[in-house]
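There are 2 protein chains.
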Amino acid sequence: MSDVSMDTIVSLCKRRGFIFQGSEIYGGVGSIWDYGPLGVELKRNVKAAWWKSVVHRRDDIEGLDAAILMNPSVWKASGHVDGFTDPLVDCKSCKKRFRADHLKGDSDIKKCSGCGAQINLKENPPRLFNLMLKTFLGPLEDSSSVTYLRPETAQGIFVNFMNVLNSRSRKLPFGIAQIGKSFRNEITPGNFTFRTREFEQMEIEYFVTPEDADDFYKRWVETRFNWYLELGVTKDKLQLRPHGENELAHYAKACTDIEYLFPFGWSELEGIANRGDFDLKQHAEHSGKDLTYFDQTRQQHYLPYVIEPSGGVDRATLAFLVDAYREEEVKGSKRAVLSLHKDLAPYKIAVLPLLKKNPEIVEMAKKICSSLKEDFVVKYDDTASIGKLYRRQDEIGTLYCVTIDVQSLEDKQVTIRDRDTMEQERISVDSLQKYLKEKLL
Amino acid sequence: MSDVSMDTIVSLCKRRGFIFQGSEIYGGVGSIWDYGPLGVELKRNVKAAWWKSVVHRRDDIEGLDAAILMNPSVWKASGHVDGFTDPLVDCKSCKKRFRADHLKGDSDIKKCSGCGAQINLKENPPRLFNLMLKTFLGPLEDSSSVTYLRPETAQGIFVNFMNVLNSRSRKLPFGIAQIGKSFRNEITPGNFTFRTREFEQMEIEYFVTPEDADDFYKRWVETRFNWYLELGVTKDKLQLRPHGENELAHYAKACTDIEYLFPFGWSELEGIANRGDFDLKQHAEHSGKDLTYFDQTRQQHYLPYVIEPSGGVDRATLAFLVDAYREEEVKGSKRAVLSLHKDLAPYKIAVLPLLKKNPEIVEMAKKICSSLKEDFVVKYDDTASIGKLYRRQDEIGTLYCVTIDVQSLEDKQVTIRDRDTMEQERISVDSLQKYLKEKLL
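Protein chains in written order, with the working numbering: chain A, 3 to 443; chain B, 3 to 443.
Because the hints were derived from the structure by calculation, they are not lab data. Hints are all accurate, no fakes.
Heads up, the list lumps identical chains together, so a pair's fine if it works in one copy or across two of them.
With a Cα cut of at most 25 angstroms, we get these calculated DSS-like pairs of lysine-lysine:
| hint | residue 1 | residue 2 |
| --- | --- | --- |
| 1 | K283 | K220 |
| 2 | K333 | K390 |
| 3 | K173 | K358 |
| 4 | K375 | K54 |
| 5 | K368 | K358 |
| 6 | K54 | K368 |
| 7 | K16 | K283 |
Make a model of the complete structure from these sequences and hints.
In structure tokens:
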């Protein structure tokens, strides 16, 4: 097992263009990150792999892309307006605000984690602080125009349940999948992109007949666990953690987390929950709309149960990055490699002209690069010596380097180097496309 | 030219699952729309076609995915805090708020478009209303925590200029491309998904040596215009509209809109602007960071000029939908077809078993469907008669229908039907993959 530190990952991310601090030139902004040229490709690949696996490769799931801004009644119905809160307390000495349940101390006497002063929770009781980010929609800025930035994508699916059911002539069991941004005003975010105030979710709500819910719940736990394994995550660093009864939300029948062993400890990548009919029931009640499903076989109307596999795009991306990183000694010097799965690597191939001042080599390299671009994400790079270029491509996870040298001009062969084994072979330009298709597609 | 009405498009979108009203079961929310199962695929394809064309197929552009929430100083520097406003006026009779420049009437005496009362702009002068949506980040809700939902993705690119330049060892000319959500508190949104409060942009900032700016500006106008043509938009419905001098923003050297002839008139899909060095200069000044580029050939530091092709994902998606829609008479009955470009159609292939009660046909159909899914987005559909299924697939733009009938069990051949010509051919199952790859990839 690799023992990479978060510092190494954060530094690689900035140096190579995976992830930058948001608004960095202005000193940043509350735990928010921007994905750079490499990061955007990696994250796109994570989302594409998920979408392919849950929407395109299956016959029982429809996609959706609901808006971030929803009617505020949605969050009343879902329980977020009243219940999505943290207990906060103000320190009277340093005037800063803290999560009461994170302060150290005995029963009601806590120690301020800012200035160290005593905070007496009896005299200064914590107040509930809603984690939803608020905005005002329309020309007035008052309570009538308050709208929230969604704290989860799930509710966009529930309110569209009938629209999808009817427009797509669906029968149970079927699911709706969605990828999108959510926002939470976390008081203590941290661990790089693991817990942030703006993040991306990939969620499925899978609607089933109530009696089948437990079976489907178990199947989804397995399916989702395997997804991470299939994309190369180390098996020993992935675990299932079923929630105890006292840990379950009041509406959940069961819940299991998929956890990854990050440098900062076991942490949740995804949760799979059996939510019963809680959500549809709430929305039916608050909207006054009939959200029951008509079961033709039974000739019965009922509210489906729902199984929810809910994963974090940024967390999955971070886990893939951390898990793929390794350092090794090659001929006395350090080599850093990102052994990302072929479907996830930002660039599949790098085309490197050995002599960038030789116009014939450059011409041949550009021609090869442009023909490979028909099928792959390819980068042309001539900005350093070949040794440096190899190391740089290893560090960003590029699977194959194709090098064009003087001999290539004569024998129409190029050198292909494998990222993981570092083995090189000469191969004719004519068979290059076929060779790479077999390896990569 | 087709004369489809917006009503026809809006109705198709809801009925077939392209676009639903946001939070519809709660009566909607201020001009916001949700993309359904078909819409999410279409929009994904629009974005993928753009990304492939501007990032993957080129060597001179890097991708980026900056956060929606940025440090508020960004919007001070960009001019949005002070200048991104509409003049609003309150009607004293009906107490509603209107855009002063949209009210009818003579000079200072206007007519309220709500109740018809007189509004005297001299006694009741318009106030400037900022179009940025505001939120509060962190545990306090006061002016110190005000943050904005970005009104454009462009600034995320400018503040990351140095990070991208350095991490990717770039030289001028090069660009940074980004797709993402933006928000504007529009007072008069409308025309379905054309003008909404939450929308998605696809923007490039292309950095060049100042002397080359005009050349690159012209090239980008042409490149972007051709992109819409290549994806099948009717040439007669697409036009370039160069901005007049009096119409240009104070910082812009030149700007051209690409417009489409929607049922509601010629309207902007994308604008290509030469913004000079305005943005980098503003951010250098406000952040105190040196954002100049060091030109090795000239041994000079300078601020690059920037050419900005800025398009709307929702607008492009709507234009592709409207443009592809046609109705024709086939054997005495109406056929509605979405003749979407093959790269844009939500589903490439539908697999239809002719008799859904024949288990052998169903087995064969499912097997074909699952093998085609290796390469294509395919839908299995057995929820209606074959005539209805064909019409349904035509209406959502599916390129090919593959039908499996009793004879298929014997001769191992299936019927392929072309969406546009409605021609059918029998083809052996063994050559199906190859046939479709040639047509679709």
